[in-house]
Structures are given as structure tokens and as C-alpha cells.
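Student: The chain contents come next:
There are 8 protein chains.
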Amino acid sequence: MDQNSEVRALLDQVRQGNLSVDQAMERLRIEPFEDLGYAKVDHHRAIRQGVPEVVYCAGKTPEQTAGITESLLKRSQANVLLTRATPAHFEAVRKVDDRAEFREMARCIVIHRDSTLYGLGTIMVLTGGTSDMPVAEEAAVTAETLGNKVERVYDVGVAGIHRLLSQSERIMRANVLIAVAGMEGALASVVAGLVDRPVIAVPTSVGYGANFGGLAALLTMINSCASGVSVVNIDNGFGAGYMAALINRPPRAGDQ
Amino acid sequence: MDQNSEVRALLDQVRQGNLSVDQAMERLRIEPFEDLGYAKVDHHRAIRQGVPEVVYCAGKTPEQTAGITESLLKRSQANVLLTRATPAHFEAVRKVDDRAEFREMARCIVIHRDSTLYGLGTIMVLTGGTSDMPVAEEAAVTAETLGNKVERVYDVGVAGIHRLLSQSERIMRANVLIAVAGMEGALASVVAGLVDRPVIAVPTSVGYGANFGGLAALLTMINSCASGVSVVNIDNGFGAGYMAALINRPPRAGDQ
Amino acid sequence: MDQNSEVRALLDQVRQGNLSVDQAMERLRIEPFEDLGYAKVDHHRAIRQGVPEVVYCAGKTPEQTAGITESLLKRSQANVLLTRATPAHFEAVRKVDDRAEFREMARCIVIHRDSTLYGLGTIMVLTGGTSDMPVAEEAAVTAETLGNKVERVYDVGVAGIHRLLSQSERIMRANVLIAVAGMEGALASVVAGLVDRPVIAVPTSVGYGANFGGLAALLTMINSCASGVSVVNIDNGFGAGYMAALINRPPRAGDQ
Amino acid sequence: MDQNSEVRALLDQVRQGNLSVDQAMERLRIEPFEDLGYAKVDHHRAIRQGVPEVVYCAGKTPEQTAGITESLLKRSQANVLLTRATPAHFEAVRKVDDRAEFREMARCIVIHRDSTLYGLGTIMVLTGGTSDMPVAEEAAVTAETLGNKVERVYDVGVAGIHRLLSQSERIMRANVLIAVAGMEGALASVVAGLVDRPVIAVPTSVGYGANFGGLAALLTMINSCASGVSVVNIDNGFGAGYMAALINRPPRAGDQ
Amino acid sequence: MDQNSEVRALLDQVRQGNLSVDQAMERLRIEPFEDLGYAKVDHHRAIRQGVPEVVYCAGKTPEQTAGITESLLKRSQANVLLTRATPAHFEAVRKVDDRAEFREMARCIVIHRDSTLYGLGTIMVLTGGTSDMPVAEEAAVTAETLGNKVERVYDVGVAGIHRLLSQSERIMRANVLIAVAGMEGALASVVAGLVDRPVIAVPTSVGYGANFGGLAALLTMINSCASGVSVVNIDNGFGAGYMAALINRPPRAGDQ
Amino acid sequence: MDQNSEVRALLDQVRQGNLSVDQAMERLRIEPFEDLGYAKVDHHRAIRQGVPEVVYCAGKTPEQTAGITESLLKRSQANVLLTRATPAHFEAVRKVDDRAEFREMARCIVIHRDSTLYGLGTIMVLTGGTSDMPVAEEAAVTAETLGNKVERVYDVGVAGIHRLLSQSERIMRANVLIAVAGMEGALASVVAGLVDRPVIAVPTSVGYGANFGGLAALLTMINSCASGVSVVNIDNGFGAGYMAALINRPPRAGDQ
Amino acid sequence: MDQNSEVRALLDQVRQGNLSVDQAMERLRIEPFEDLGYAKVDHHRAIRQGVPEVVYCAGKTPEQTAGITESLLKRSQANVLLTRATPAHFEAVRKVDDRAEFREMARCIVIHRDSTLYGLGTIMVLTGGTSDMPVAEEAAVTAETLGNKVERVYDVGVAGIHRLLSQSERIMRANVLIAVAGMEGALASVVAGLVDRPVIAVPTSVGYGANFGGLAALLTMINSCASGVSVVNIDNGFGAGYMAALINRPPRAGDQ
Amino acid sequence: MDQNSEVRALLDQVRQGNLSVDQAMERLRIEPFEDLGYAKVDHHRAIRQGVPEVVYCAGKTPEQTAGITESLLKRSQANVLLTRATPAHFEAVRKVDDRAEFREMARCIVIHRDSTLYGLGTIMVLTGGTSDMPVAEEAAVTAETLGNKVERVYDVGVAGIHRLLSQSERIMRANVLIAVAGMEGALASVVAGLVDRPVIAVPTSVGYGANFGGLAALLTMINSCASGVSVVNIDNGFGAGYMAALINRPPRAGDQ
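Residue numbers (the working numbering), protein chains in the order written: chain A, 1 to 256; chain B, 1 to 256; chain C, 1 to 256; chain D, 1 to 256; chain E, 1 to 256; chain F, 1 to 256; chain G, 1 to 256; chain H, 1 to 256.
Extracted from the complex, chain A is given alone in its bound form:
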């Protein structure tokens, strides 16, 4: 690795008398963390193939977003994913790269440059209702941009349990599942009871009154009586898609 070879080069120079101990001390002292930091990033970049460059657009102007995108496009050959984007963001980004696509429901902009399939199995995204679809699409688009095959099973809330059960064959074939639900958020528990694969639960802020902006669904999911469920933040479709993609990648085997 780079950093290692830098240190080795430095030690070689010391050994050969080309660098004094004091000079070596100085170089080691000044940037130990920084080198380490960069080394880590480099090392990771190799492993993190297919991980897109990500921009969170909320609170950024279209111009800022376009500027960041421009610089990201140069940094790697990975896909670029912009979340929480508006049509205005899209207009600006499209001028930077006309491959940019706007996934309106997901509120995402994607610049596709790497079509490798990194995921091993299928990631399935389920929603309780149709209003949960924007969050679900953010998860789905994120997982796709990370190189995964994604299936969508929407509007299968637990109040009409037969709708969910009628999909159980498909559900059982998924490798990772993302259960997106607002209101009472019970979908994750039922899904986790049907499968033996990891379920990522995403509470949404869909609902009113005592759902308190998604708190009710969050508490439901965190208290799930089913095994094999873990939870991300309210409306955090990106986080769920990213987590699912990590799980769906080839594992780091034990003998490594």
C-alpha cells in the first residue's frame, strides 16, 4: 500500500543515511493521522468498488450541487447519487453531465457510469402503503446505484394481511429485505416472521396525529418482537438501501 511504501521509503532513506533521524522524526510527527487517513481511504477505495459518490442535496443550492457533482465526477469512475433532490437541482446537474437521470418519486438524481452487479442476491423493498413509496424508492434507487438487483413489493400493509401473504413466495427468495412503513409501522415484524434473512426497517413520517412525525413507527420497529430486524432513521431510505447493499455484498471471509 501507498502509505506503507512511503514509510518504507523513509526508513530506507534513514538506513542509507540520506535522511537524518531528526528529519525522519519531523516527517513522522507532522502527519501521522493524515497519512493514515489517506491510506485508509485508498485501501477502502479498492474494496469499496461500486460505492457511489453521494451528495445530500437538502439545504444546498442547485449551483452548489452542480459544483460538487462536477468535482466528484473527476474523483472516480463510480456512479454518482444525489438524494433529496428537487427539479431545480436536476436542471443544474444535467448541465454538468447529461447522463444525469431524475428519479422523481425517489427524489434522487443518478449519474450511471458503472453497471457492474456487485450484490449477490436480490434486495426486496416493501411498503405498507402507497404514501411510503418516496422513501422506498430512495432505498431502491440507492441499492441499485450500489450495483444491486432490487424488487419492489408495495402497498402490502398488515391491515390487509392477505396482500402481503400473496407475495410470500417472492418475499422468501430475497437475500435482504427493506420494510418501509409509516402509521403503526408493523410491516417489519410480519415480514421478519416470514423470512430467515436480514430485514432493515425504515419508519416513515407518513400519518398524522399521534404518529408524531414518524416516532410511533420508529418505536414499533425498534420494539419488534421478531428476530432479524434492525432499524434506520425516520424517512432514511438512503440509509436502508446502503445498509442492505453492504449486507448483499460478498462477505469478508473468516480466514482473511
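Watch out, some of these pointers could steer you wrong.
[Claimed, not checked] Subject to a maximum C-alpha distance of 25 angstroms in a straight line, what follows is the list of computed DMTMM-like cross-link-like pairs (lysine to aspartate or glutamate):
#: 1; chain 1: B; residue 1: K74; chain 2: C; residue 2: D196
#: 2; chain 1: G; residue 1: K149; chain 2: G; residue 2: D114
#: 3; chain 1: E; residue 1: K74; chain 2: E; residue 2: E63
#: 4; chain 1: H; residue 1: K60; chain 2: F; residue 2: E104
#: 5; chain 1: A; residue 1: K74; chain 2: G; residue 2: D155
#: 6; chain 1: H; residue 1: K74; chain 2: H; residue 2: D114
#: 7; chain 1: E; residue 1: K149; chain 2: D; residue 2: D196
#: 8; chain 1: D; residue 1: K74; chain 2: D; residue 2: E91
#: 9; chain 1: G; residue 1: K74; chain 2: H; residue 2: D196
By construction, these hints were calculated from the structure, which means they are not laboratory data.
Given the coordinates of chain A, work out where chains B, C, D, E, F, G and H should sit on it, guided by the hints.
Tutor: Coordinates of chains B, C, D, E, F, G and H only, in the frame set by chain A:
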């Protein structure tokens, strides 16, 4: 009725000149509400046949409980129901009336004096887990003491949805349903999706961590996406049993 | 029924040798839940006579709403109820079916096609104040659309208890009661103390400061010291009207 | 008054040349606040006739409590009130002054030395249930110890409104009212609707589940739709009794 | 009183044989509460001299507000107070009665018709900061409209304690005090420590971050360590002004 | 599978004319869910190799626990895991099977019968402090009992970041990570920033004051700014261990 | 000091017989607090050199803001700082004094009149992300306006710990540190673990879902497991900058 | 410093050919963080002179506590501070080192070995009431053990403002102030308004009802309208004492 006849007697006395208008005014003035109150109670008593006398034992000594029971036994021929009772309460009450039975899991004492069946259909009590059974039993015993046929379907939580579905035939035959669940409390929504009869949801304090003493289950149930669900307080088995019994009684028809 | 006749047709074909067992297996295997689902819906439809098709308009465009309405009108001859509707939704729906009526205060659109009275008694809707009327009207219109006789008793909050008591004769004649109140939400307890029929409590978000969007009224109602009260979500007039309608229907008798 | 005369004496000494300006400055400089403090206390003491010396026993040992009592007895001739006291506290205090009485339900110890009636009218203490009585008694004993006539109207919760209304004549005669209630805490609103005098609302921690240690009752009372209600802390009977006593005292007239 | 004379007339008719006992029973049965209700209102009206007719404008259109005002003007000769009013409300109300004045900062419209001074002493309104002034003015205008002399002491928050103390002479002369404060809300405790008269605390929603819309100030005030403080809802200037006016009225003496 | 063959047998009988269509209809109608339920369980058991039988001991007597264990031992040859166990539970369980081991810090009893390694890589459990160790051990023992290699890295809280960084080589070799932390719960974010594998975050109730029983740590973790983190309930070591074990199993590949 | 000399003058007059004791009493009585108040302010002004005049613009019109600024400019020669300012505020203030500068990101207007460096060391402001920069800039500008050298280290959130560590040399040279972070707010703990100087933590409302307007970050910071951290209100950059400036001033030595 | 000299020695060996580059790489690779960690600790230790070794006893057995103490005594010559200690902890620790003193009210054990005064000025600890004293003493003992002069000003709550003001001379002489208060927690604001030095606010859990375990005081303090206040966790006397001690140390001057 008593109060009516008292007022009639008073008016008779006025008409017959045995009571001056001033004296009548005075008597009507002093206790208008109280009389009314008793009238209401009397009037209701006729309708409320089979409504037990109820004592909430928490915070009362065994002696106080026994004293109240003794006086209630004289007031009517209805059943007597003591909730949140301990063995010590039972010891004291049994001395007052040896018909007293202790329903240990329900934490209830029942003195059965009226075995009339007042309910029209079956009240079904379901629980998510075995730990919810004390609350469920409080609901069941309450409904039974109010003269209802009760069926119990326990440990059918949504994380193993087939357990619940395997009971769906029975579930669909019930007239009123009580869904008792802690942790994430999703049972009520699933049950309400299966039936077309009223479902009373009872959140329990079963669980730990972010269930916050039953708050998580309460919010889940209040936010239920299913139609035909309403909710009582955390651990309030008595309230659910009572509500279910009212629903299960003959309706007050429109032409009354 | 359709699904039953489909299964029967399939079995007939098997019996007649027109369909191999494997082919039959395949057809039964692929959609067991879905079929079941339809079966359940069909089975229910018979019982659920008078249950309207319902659309929750919040978050849907007028066009989407109109499209859904169009398809629902074909599905059954039941009434159609659209809740949380705006004038714009109404404009779009009226073009689909000019029988559509806009109940402005209730924020509901109703397409009346079935005028059968399914309810046995009267459903009474009470409010604490005039600001609670939109939620109360949503409950009332829902109950009416489900085929019930509804009486309204508005602005009888507990701070002027005589206003409520002056209606007590009417109140006592109702079969099911819906108590709608914001601010401190005490109406449900007082009403439940006056009657011996089920009371559905609806907290509203009416108020300010420490009512925290209806939380105060919700907690009041959930903690009601009166028996025979259960609670739905804040501002959930539809849920209360639906629950009341279920209670007001002929019971499912015990020997069924 | 003492402090005034001290300052006057000091000024007299300056005028007579017995105290240098520097010495006077020094004495005024060192304790300006303290003197002022005492002055304020002294000045107030004249006005605050009948205000008892108060000890909050929770967290104090019986010995500490007795010691404080001993010193308070010397400080004035006012009554002494010890709140949140246990039998052990009483044992210790009785040794200091055998006039000490233990009001067990109120958890108060009273040493009565001043039987003047300072209050102008009657202070009425009402409770929703019998479990609210300890808090109500703390309020009542506090008001009595401050020299007021107190009437108790207990167990008149709003779920049986006739019990409250049957007392309405008495209620309307009170000058200040204290409404003590747990669970849903609706009593204060109803009482304030009946009278035209100030109502102090005291939420209690009586209840379970979603009452969250009295929070539900507190929110109910703070959100009261009735005019003329203000609220003290959960279980703060002392605070309510004290506030009511201040209101019941002769007013500070405008021309003062 | 009316109701009494109605009952007396009825009894007279019975005595004279002009009304049968059954007829009398019927009339007493039908409207006992209603009569009582009106009686109570009438009875109160005599006592409640100077209590304004009040309209809460929030959520009402200018036209509705004007209509209600018009009818209130006929009902009594009392002042009319409209709270939470906007300039649009004022425009509409002024057309109904040109005596209407708009107190802009208080967001109140007042129609002054009764200039009697009903209060005995001075009501003092204090604020922690200038941003609390709208709530304080609502309290002040309410108290004035109820016939009280009001003094304002604004911007005396506890972080600059000398500003408050420099007003202590004036503060000590008030008969009732209203402490209005947002942010940390400590003003009420300090004021109550300075005086021996009742203090009404009004938390405001002024602040940001962890003040949670006034919750922080509410909790501070409810937990006040000073005696003689009670609290109304966040931003409820009207409630505080009304409560203070009740306290400032002549007491209902004990021998009544 | 059983259920399939039952249906096939039924169809065969229909085809052969041994069963009428009506009789077949009847049998299909009666137990569709129940069969399905059992089928699902059987089907899953084959897949869920190595999944232990689990008993949650909290709230169960030692005798109940032993009885359940006895029956579970017969049901399969899998490991048996008892969580939240006390020494008394262990005493009772050991009598049933003397292979039972008590993992005291984890509060778990394990009966080891299957030593197959089902996991592909290493599961690493990290804690912020030593007080988080009981929850971490519950996670570790759960993962081990599910057939995984587990490494422990304890007491590496973020306030001394060098302790965590000094383990970064080991950390980067793990396939799944479990970050257990109370107080401010920041560990999960830092760990997720170091690795490119899934991190399960477990908030603990360790701390005091404003940690509100683990709520603070839960909110921290749910709001993590790092990608690749999902969260389980407060103190839910079992849930984290189970989730990690599912992730660590061979994936369900896409072509399945 | 003024007040002292006033009192001395008064005492002199008494001593010389030019003022009677009664007159002196009167003057001492009327304004003890006021004098004290002014004295305190004067006394402080000397010490508080370099403390700017501060205006909180939120809720004030541009005209009000300009008016206040005009009067503040006359009161002292200190810098003037206007926080939470908009461009409209700036337009108005610039007309009053054209030295006014608008720090847009900080939402602050500064009128620089005193360029003395009052702080002893460097105040370092760190942020977790770029969205935290407005709050950080408010802190930085506040500290600068109070006469401090400020260094900014932005976007060093804990999810990429190497970014923070690469700055550790600079971080360790600061005298006071301000850690500004939203979302999970873990930055403060990590920074406090790296340094041995005081860290002021500022939670921001940056984030969404379960961050509840900054509550999550606030709780994280309050529960920090690192020593040497204290916290200000959510988004309170001004408060943090002011606190840091006080700490950075020359200490009040022990022998004073 | 040690670590530097270790690295230097290593480089020297490389230069002299006594260590191969590979061997050097290996040694640098294995423990880069750990070395760094120790370096940081060592480096800090020089600066952190007088920082005691600290043990948090809650949740540790007396034996564990004694063991840790024994090892800490060897690590440095600094004072040893054990917080949240019980008499049992003290018994065990005293056996390890008989210089151990038990500060009972502070719940601290101190082993004094370094009596250097590291602090520049006085740290003043103030409390609102006597019940806040244990937390205040924890703060005071912590600051003393860190080598500071501490003054205590207890029971000066804002409800009796003269008690606080009578100490204002002393208060103004302190270099750092710690304001400890429960209930409404207003003390910090008033103190910060009196001084121009940093104030650390410590909310305590003293109180009942709506103080919610100290949350009310925490919110009050976080929302303080006074400048120069920052807050630590509820009951965190140690944290406040430590923060105050850091502030009271000689600053790290700008040219360093």
C-alpha cells in the same frame, strides 16, 4: 321508579294541600341533583342488568376491600368483581363471602351471583405473547363477570403470522375482539384486517428499552392503519372487557 | 362467489380429466394467498354490505383521486367516500360522477348509491367546541355513508356542563356515541358517565401551547376514569365513524 | 420595624457624631442585601401574619427535622407545618413539642399555636377519586394551618357527574376552590364551569399506564377550556393550599 | 329568579288543580337540566357583573366573528373582548360597532361599554423580555376589560436581576401579579419570592431549540420552588388575565 | 412437502372420483391457513439449520423455564439459548440437562448440541465502556450459539479515540460488527466510518440523568451520520447477535 | 464609584445636619435597588471591556433594529453585534452606520469599533458537517467581536474520524474549543477526548426524522462520556461564542 | 518524551543498521495507534499535572474498586478520586491505602497525594436548596482534588432572591462558578446575570412531579436567557467540577 315516585308523592301532597308550595320548593331546591343522580342510577340499574359491582383494589388495604365488598353485596344481586387484587385481598374478601373465587393470573376476585348470559355473541381475547396474559385474563374475567361467553386465543403475535392465521376461522366467528399486545403492539391491526367486527386494542407494558412502559404499543395501536380499532389505556384489561361487554349487549334500537 | 366458483371449476376440470393434477397444483400453488385474499374479500363483501369504498385524499393529486374513484365505482355498487378532500379534489371527482357531493366542513366527498339503513340504532356525535366540528363531521359523514342514522350534539364542552346535561335525554337514547374534543378532552369521560352504551373518544388537535397537537386530549381520553370508553387517533373522525358503524350493526350472534 | 430602626439608629449615630461616615459606609456596604433581606422579611412578617413556618421532610432524617422544628419554634409564634412527613418524623418532632399532631392521610405534622382565622371565605377542596385524598388533605391541612376555613368534597369525579352536581350549592358558596384529580384530571374544568371564583387545579400521580406519573392530568388541567383555572405541580397539595390561602386573604387595595 | 318562579308557578298550578300531577311530572322530567342550566346562567349573570362577552377569533372568519359580535352586543351590556384577532377581524367587527378598538400588540379587539372598576387592587403584569409582550398585553387587556386597574412592568428578566429589583416597591404594591416569560421562564419564582400575593405564571413560546414551543418555560414554572405560584397554558394571556381578575374581585365571604 | 402432498392427494382423489367436488371444496376451505402455517414452519426448519431454540427467561419461574427447555430439547437437535436468566433459572435448567452452561455476565444459559460453524466471517462485538459488557456478552453468546466466530473489543469508547484506533486492523477484518454503547452512544458512528461492512448498533441503558434509560444513546445511533448502521432496541444484545448471525450466513443468491 | 459617593454624600449631609434622619431614611428607602442596579452596571462596564452591545434580531422589524442600534452606538465605544439578522435588517442598519458588515452565513451584522485582542489564546470552532456552518459562524463571529482569535475546522464529523485526527495538532493548540454538530452530535466527545482544554458543545437542528429538531444531538452532548464538555442550547452559536470568550479572558486571580 | 525517544531509538537503530527496514516496519505497523495513544497520554500527562486518577464506583463491587485503586496508585503520583462511592466501597479502598478519606455527602473517596494548587482563581459552588448539596459537594470535591480553591454558597435559591444577593460581593470575586439546582433550576440564569465569568450549570434530579427526574431543570438551564452559561448532565457534579477546573487552569496562550 323511586325518584319519580318521590317527586310524584311530593306533587300529590302539594295537590292535596298537605305540603305548601314553599315547602315543596325547598325540597326540590335542596337536592335536585342528588335526586336526579339517584334517578339516573335507578333508571340505569334496570338497563344495566348484569353489570357487576366493581372494586379497584390497588392502593386499598385488605380490610378496606373487604368492607367495601360487604356493603356492595347488600346493594344489589349483581356479581362483584375486584380487580388488581392480591392474595391478601382475597383472604380478607373470602371471610366476607365464601363464594369469592381468586382468578390469580387475572389478579381478580369474583363473587358470582348472577349467571345470566347478557351478551349476544362471543367476545374473543387474543394476545401477542404469553407475557400479555395477565392483562388478557383481566379483560376475559371482566367480560365473563358481565355475562358474556369469552374465547381465548393466546400467543399469536405477528412475528409468527401463521399462528394467528391458523385461528382465522375462529376469529371470524367472534362478535367483539380484544387484541392485547406489548412490545410493538401490531396485533390489533392484523386482527382488524381479518374481521369485520369491532376490535378493542389493549397495549401492555410488556417489553423493555424503548417500549417506555407500553408507550410504544399504545402509539402503534392508536396509529393503526386498519379500520375498526379503538384503544384503551396501557394494561387496562378491565376497560377493554367492559367496553367489549357493552358492545356485545343488545343494541338500543333506533325507535326507542 | 367468484373465487369459490373458480376453485370449483378447477376441481371440476380435474374431476373431468381436463386438467392434470400437476396443472391444478401449479395453479393452486401460484396464487394461494391471492385467491384466498379474494375469497376473503368476497366472503366479507356479503357481510360488509353497505361498507363504502374509501379513498384517503391527503397526498393524492385531484387526478389520481378521480382515477381511483372511477375504478372503485366499477368494483361495487356501494357508496364511495373520499376523506381529507379539498375543493380541487371535488372538482376532479365530480367530472367522473356528477352524483358526487362535497361535505365541506367534513372535508369529505360522498357518492351516494346505496341508501339502505344498515345500523340498528342512532349514532350520536358530540363535540366540546365549535372548532372540533370538522373532525366530528368527518365521523358523522362516515357513519352516514355506512348506512347509519346520525345525531349531532355540538359545542357541549364540560366547562359549561349544563349545556351537555340539557341534552341528556337525547344522549341516553343513542346506541353508540362519539365524543370529539380537543384542548383538555374531558368530554368523553362525562358522556360515558351518563350513558350505558359504548363511547368512542376522538381527541382533536384543537388548542395551542401545551396541547402538543392533540397529545393532551389523547392522554386525557386514554386515562378516562369512566368505563365504556375507547379511543382513536387524534383528528381521526373517519376511524371513529367506522368503529361506531361496526358496533351499530347487527351483532354476530353466538350460535353462528 | 427592626431594620428600619437599625438604619435610623445608624443615621442617628452619624448625625450625633458617634459614628464616622466611613464606619457607616462600612456597615451599609457589608450587608446591604442581607439587611434588606431581613427588612423585607420583617416587613412581610407583619403582613404575613398566620403564615406558618414550613418544613419539607422528604429527604431529611427525623433528627434533622426535629432540630429544624426546635429552631423554628423559637423564631416566631406562628403555626409550624411539616409536609411529606412519616411516622418516624412525627416521633422525633413530638419529643420537641408535644402539641405536635400527625395528620396521617395528609402526611403532615402540625404544631398549632395561632388559631386566628385569616381567610375571608371558605376554601373548598374537591377530589376526583378516593386515591387523590392524600394530596387533597395536604392542601386542606396547609390551608387550615394558614388560618382558613376548609370544606372537603371528595370522590366527585366527572365520570359520575351527578355526584359533583349534587354538591353544587355548596360548591357555589366557596371563595376559592382546589380541584385535585389524577387519571384524566377533568375535574378542574367542570368545577370552573360551575363557579365564578378562582380554581386551583392539582394534578395527581394517581393512575397507571399512559398517565405517565401525572403528566396526563397535568396536561389536561393546563389545557382547560374553562376560564379561571390555574395549575400547580403534580401532587403539590401544599402549593395549592398555600396559593388558595393567599387568594383568600384580604386583598391589597388599590390606594395602598 | 326565572327558573324558580317557573317551578313555583308549576307547583301553584298543581296546588290549584290546574295541572295534573302527570302533567307536572312530564314538564319536570323533560327539561330539568335545561331549566337548571338557564337558572345557573341567570344567577351567575348577576354575580358576574363586568365579565365581558368573549370571542376567540383564531379559526373564525372575519364574517363569523362579526356575526357573533353582533349577537353578543344584544345579549348584555357588558364589554366585548375578541382575542387572537387579526386586522381583518377588526375591519369586520368595526362595521358592526364603531366603538370597537384594536389593541394590536395584544391581538385583541375591545368594545368598551361598561367602565365600572370591579377589581379591588392593582393587577401587575411583568415580562421577562420584550418578545413576551404580546402575551402580556393579552393578559393586561383582558384584565382591563374585566374592570381592573393594570400596571405593566416589562423586560425585567432574571438574567439582569437589578432591573427587576429596581421595581420592587411597585411590585410589592400589587394585589395580583402575572409573570409572563419564555426561554427559561424563571421570572415567576423570583417575583413570588418578593411578594406575598398570588402570582399567575404564563409560559410563552418565545425562544428556540430546546424550549420546545414553551415546554421548557412551562416546566420551570410548574416546578417553581416559590410558594404562591400557579400556572396557565403556554401563551395563554387571556387565561391569566381572567384568573387574576377573579382573584382581584371582592371575595365571597364566609357567612354567605 | 406435507401440505403439498396433502393437496395433491386430495386432487388425486377428485380426479379418481373418490372425492366429490363439494367435499374437496369443504376441505380446502376449512384449513387453508393452518396447513400453510405448518408447511411454512417445516420448510423453514430445513433452512434455519443452526438456529437455536430460544427462551426469554424474564418473567418466567425457574420451573416454567426448565419445563419449556425440556420440551425444546425434544423438538430439535439445535442448540438451546436461554436469555435474561438468573442463577435460579440455571439451577432448574441444569437438572433437565447437565450440559447446560451459565454465561453469567451475558445472563444466558446455553445447551450446546451443534458445534457446526454456520457463519462465513467473524462477528466483532465492541463496547464503549465496561458497563456495557453484559449487553455485549448477550450479543456475543447469541452469535456463538448460532454458530459464529466472535471477537470481543471492549472499552473502546470515543472519548479516548486512540483506544479504538489501536484496534483498527482487527476491526477492519470483521465481516459484521456490533457496536454496544450507552451514555452518548457515539461508538457506532465512528466504527461505521472505519469499516465497509454492516454495523449493528445497540444502545444500552448505561448512564444516568438525561440518558433517560438509554433513549439518548438510541437517538444518537438512529441519527448516525455514518452509512451502514442500523439499530436494535435498548439493551437488546440478543437481537443484535441474531441479526449479525443472519448477515454472516451464506447469502441467498440471486438465481435461487 | 458613583453610588458609593452618593451614599457617602448623603451620610455627610446627615452628619453635617443638612439632611434630617427622616429625609435620609426616605431617600435610602425609595431606590435602594435601582442605585444598586446602576452601580453594578457601572462597575461591570469597567470589567466588561470588549463585550459588544448585542441585539437579537429575530422578531424585530428592520426599523426597530436600526433604532436600537442607533441608541447602542451612543452608549459605548464597544463593538455592536446583531444576531439572527436578515438582509433586510442589514439594509436598515447600514443606513445608521456605514461601517456595518453583514456576515451572511453567520446571519450576523457587526459594527467594528474596537479591535483590541482581549482573548489570551485561540478559540477553535469545529463542525461535524457543512450544514452546521451557520451555527458555527455565529459562534465564530461572536467570539471575534468579543476580541478573540478564532480558528475554524469544519466538516470533521466522527463518521470519517481521520478527517478530525488529521487536524489534531492544530486542535491541541487551541485554548477553548467549540464543537458544533447536528444529527448524532458525537463530535464533542471525540474532541474532548483529544484535548485538555474546555470544550463547549453546540447541538444543531441539522438532520431529520428522529433528531427531533436537535434534541438527539443535545442529549448526546449532555450525556458525553468525556470530561471537560458542557453544552448550550440547540443552534445557540452566540451562546457558545460568548461562553468561550469569557473562558479565554484573563482569569480573576485568587488574591483579588 | 518517551514515545518520541522510542521512535528515535528505532530510527537510530535503522540508521546504524542494527534493525532492518522490515523489522522497523513491523514495529511501526503493529502498534502505531497504541504508541500514538501512549504518546498522547504521556504528552498530556505533563500538561495534565494534577489531574486525578478517577474511578466511577456505581456498578462496581467494593473489591473491584479496591483493585482498580491499587493499580492506579502505581500509575502516577496524582490524587485518586472515586465518585458515587458507598461506605462499603470506602471500607475496601481504605484497606488499600489508609490515606483514603470518605467525603460522605459528596459520595466521594479521595486519596490525597498532591497538594499543589493548580487553579488560578476561586471556583465557587452555589446551590438552590439544601437537597442539591450532594451534587454540589461532588463538584466541589472534584475541583479540590484537581488542585483548586473552592468556595461554597449553598441554599441561595431564587425564590428568596435576597439570600443570593447578600452574597453578591463574594460571588463577584470568583473566577469560575458552578450553579447547582433542581426543581425549576433558575439559579444559573440569575448568577450569570450577576457576574462576568463562566458559569457551569448543573441540573439536579431534586424535586417531584413534573420535574421528570431533572428534565425540567435541565431545560431551564439550556434555555437560559443569560450569556455565559453552559450545562452538564443532570446530577453530574463531577463533570461540572472537572470543567470548572479546566477553565481555572492557566490558559494555553496564543503564541504556543
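Student: Now, for every hint given, state plainly whether the structure supports it.
Tutor: Verification of the hints:
{"no.": "1", "hint": "B/K74 with C/D196", "in the structure": "22 angstroms, holds"}
{"no.": "2", "hint": "G/K149 with G/D114", "in the structure": "14 angstroms, holds"}
{"no.": "3", "hint": "E/K74 with E/E63", "in the structure": "17 angstroms, holds"}
{"no.": "4", "hint": "H/K60 with F/E104", "in the structure": "16 angstroms, holds"}
{"no.": "5", "hint": "A/K74 with G/D155", "in the structure": "21 angstroms, holds"}
{"no.": "6", "hint": "H/K74 with H/D114", "in the structure": "14 angstroms, holds"}
{"no.": "7", "hint": "E/K149 with D/D196", "in the structure": "20 angstroms, holds"}
{"no.": "8", "hint": "D/K74 with D/E91", "in the structure": "20 angstroms, holds"}
{"no.": "9", "hint": "G/K74 with H/D196", "in the structure": "22 angstroms, holds"}
The structure fails none of the hints (numbered hints given earlier).
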